[in-house]
Structures are given as C-alpha cells and as structure tokens.
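Trainee: Taken in sequence, the protein lines are chains A and B.
Position 45 of the first sequence, counted from 1, bears residue number 45 in our numbering, the numbering being contiguous throughout.
Counting the second sequence from 1 gives a position; our numbering is that position plus 1000.
The set of hints was computed from the structure by calculation and includes no laboratory data.
Just so it is clear, CB atoms sit at the ideal spot from N, CA and C, and this is done for glycine as well.
Errors might be hidden in some of the hints.
[Said to hold, decoys possible] One side of the interface only, derived from the structure: several residues of chain B facing chain A at Cβ under 7 Å:
id	residue
1	Ala1013
2	Leu1045
3	Gly1051
4	Gly1063
5	Tyr1064
6	Ser1067
7	Val1088
8	Phe1090
9	Gln1098
10	Phe1103
11	Pro1105
12	Leu1110
[Claimed, not checked] Which residues of chain B face chain A? A few of them, derived with a C-beta cut under 8 Å, are:
id	residue
13	Tyr1033
14	His1041
15	Ser1049
16	Ala1052
17	Gly1053
18	Gly1058
19	Ile1060
20	Thr1096
21	Thr1100
22	Gly1106
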Amino acid sequence: GDSVTQTEGPVTVSESESLIINCTYSATSIAYPNLFWYVRYPGEGLQLLLKVITAGQKGSSRGFEATYNKETTSFHLQKASVQESDSAVYYCALGDNSGTYQRFGTGTKLQVVP
Amino acid sequence: EAAVTQSPRNKVAVTGGKVTLSCNQTNNHNNMYWYRQDTGHGLRLIHYSYGAGSTEKGDIPDGYKASRPSQENFSLILELATPSQTSVYFCASGETVQDTQYFGPGTRLLVL
C-alpha cells in the first residue's frame, strides 16, 4: 500500500538558520499522487501548509518550499531562514484517487531556538 | 468561523466508561475522518466516512465505533474506554482523497 516516510524528530534549529525536513513516498497504485505538507501549531489542529499535484512543480507558502520529485519519489520541505514562530509539527502526506484515504508520515516536531 | 469543530476539547473519563467525541463540519464535504495522534506514532486513522449513514474502518478501529448521522456530523464512540485510548483525537473533512483535508482543533482525552 501507499506509505510516507519523513525525518524523525524532534529537530532543533537556531533562528535564521536553514531547514530541511525529508519526505519520501511510495504510491503503489498511481504514478503521480497529490502531495501535501500539513502543519500543526501548538494547541491547534493540522492545517495545510502547501500542496503540489503535478510532478516537477514546486509549492511554496510562508517561506517554505517543497518540490515534487517523481524520480526520487521525494517531497522535501525547505526553508532558508526559520523563525521561532515556525516551531510546530510538520506532516508529509500523500493522496491518490485509487486509495481510500490520505497517508500521513509520522510527523516531525520542529523547535526553533533563539 | 471554523469550518470543523470538535467537542469536547478536553475530556477526562474513567476506565470502562463510555465516551463520545463529536465533530461538526460546515464545508459540505462528503468525506470525514477520525484520527488519533500519539508521540512516536504520528497520525493514525481510526474510522472514516463517505457520507451520511456510512462508516468505514481505518488502520486502528479496535475499541472504537463511529456514527455519521448527517453530512455535517461524525461521532467517535468509545464504548468501554481504556487507559490506552488516552490521546489527542482529530476530526477532519475533505471532498476526495486527493483534496486538502480540513482539521478540527483536537480533543485531548485522558482515561484514568
């Protein structure tokens, strides 16, 4: 079945430093699933950070970027300069129309320290 | 205004008691989901629904029931709560599997 693997946390990064959270996926029934990054800030529910539906395309939001790479089946999340307000849990997810529900990674807790 | 709401936000229950978690969405989405989130396990799907009257088992349905009486409402029922069900529970809605899911704020459940 479909699966998503992402960087295990927690990840601690100093403010203004760069960040990369790795995500790789396996979609057994469709070549090009939709790929998502969700974020959960403390005390809140998950919300969409960015979504890419076309292989080779890049999504961006709030300074974060992720590129859909079908060759390496990856969708890594990057940010050039993190802020304390980016401290949250980040989830990579996959959705394909032959599946019954989206598959989520285990989440990566990010702590940004001053 | 929030499109997916959950109640209660916090709940303390006793072992063997019955717990009902409620979820309401105003997105008019067909699909609704119940997840639990635990450290080290990430987000795990318990039950989901394709529409009013339908419930389906997710990855970890044991010990849980679900009810979808209407398009807007989806409940998760713990008939005999156990301490292992202490967790944070999230409800979500989405139009299809490929579309963005919209999550509620979560319910923190403690079973003593």
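Trainee: It remains to establish, for every hint, whether it holds in the given structure.
Mentor: Hints, one by one, checked against the model:
1. Taking 7 Å as the C-beta cut-off, the interface hint given for Ala1013/B is violated, the closest approach to chain A being about 21 Å.
2. Checking Leu1045/B against chain A: minimum C-beta separation of about 6 Å stays under 7 Å; hint holds.
3. The restraint placing Gly1051/B at the interface with chain A is violated, with a minimum CB-CB distance near 14 Å, outside the 7 Å limit.
4. Of the supplied interface hints, the one on Gly1063/B is violated, with its beta-carbon coming no nearer than about 19 Å to a beta-carbon of chain A, more than 7 Å.
5. The beta carbon of Tyr1064/B is not positioned within 7 Å of any beta carbon in chain A (closest approach about 15 Å), and the interface hint is therefore violated.
6. Checking Ser1067/B against chain A: minimum C-beta separation of about 18 Å lies over 7 Å; hint violated.
7. At about 10 Å, the closest approach between the beta carbon of Val1088/B and any beta carbon in chain A exceeds 7 Å, and the interface hint on this residue is violated.
8. At about 6 Å, the closest approach between the beta carbon of Phe1090/B and any beta carbon in chain A falls short of 7 Å, and the interface hint on this residue holds.
9. Evaluation of the Gln1098/B hint against chain A yields a held restraint, the C-beta minimum of about 5 Å falling below 7 Å.
10. Of the supplied interface hints, the one on Phe1103/B holds, with its beta-carbon coming within about 4 Å of a beta-carbon of chain A, less than 7 Å.
11. Below 7 Å, beta-carbon pairs count as interface contacts, and Pro1105/B has one with chain A at about 5 Å; its hint therefore holds.
12. Taking 7 Å as the C-beta contact cut-off toward chain A, the hint placing Leu1110/B at the interface is violated, the least distance being around 16 Å.
13. For Tyr1033/B, the interface hint holds, the least distance from its beta-carbon to any beta-carbon of chain A being 7 Å, beneath 8 Å.
14. Here the hint on His1041/B is kept, as its CB sits about 7 Å from the closest CB of chain A, short of 8 Å.
15. Using the Cβ-Cβ criterion of 8 Å, the hint placing Ser1049/B at the interface with chain A is not satisfied: the shortest such distance is roughly 11 Å.
16. The beta carbon of Ala1052/B is not positioned within 8 Å of any beta carbon in chain A (closest approach about 18 Å), and the interface hint is therefore violated.
17. Look at Gly1053/B: its Cβ only gets to about 17 Å from chain A, farther than 8 Å, so that hint breaks.
18. Interface restraint check for Gly1058/B: the shortest CB-CB distance to chain A comes to about 7 Å, inside 8 Å, so the restraint holds.
19. Against a cut-off of 8 Å between C-beta atoms, the interface hint on Ile1060/B is violated, since the closest Cβ of chain A lies about 13 Å away.
20. Restraint check, Thr1096/B versus chain A: the minimum CB separation of about 7 Å is within 8 Å; hint holds.
21. The criterion of a C-beta within 8 Å of any C-beta in chain A is met by Thr1100/B, whose closest approach is roughly 5 Å, and the hint holds.
22. Among the interface hints, the one on Gly1106/B holds; its C-beta lies about 5 Å from the nearest C-beta in chain A, closer than the 8 Å criterion.
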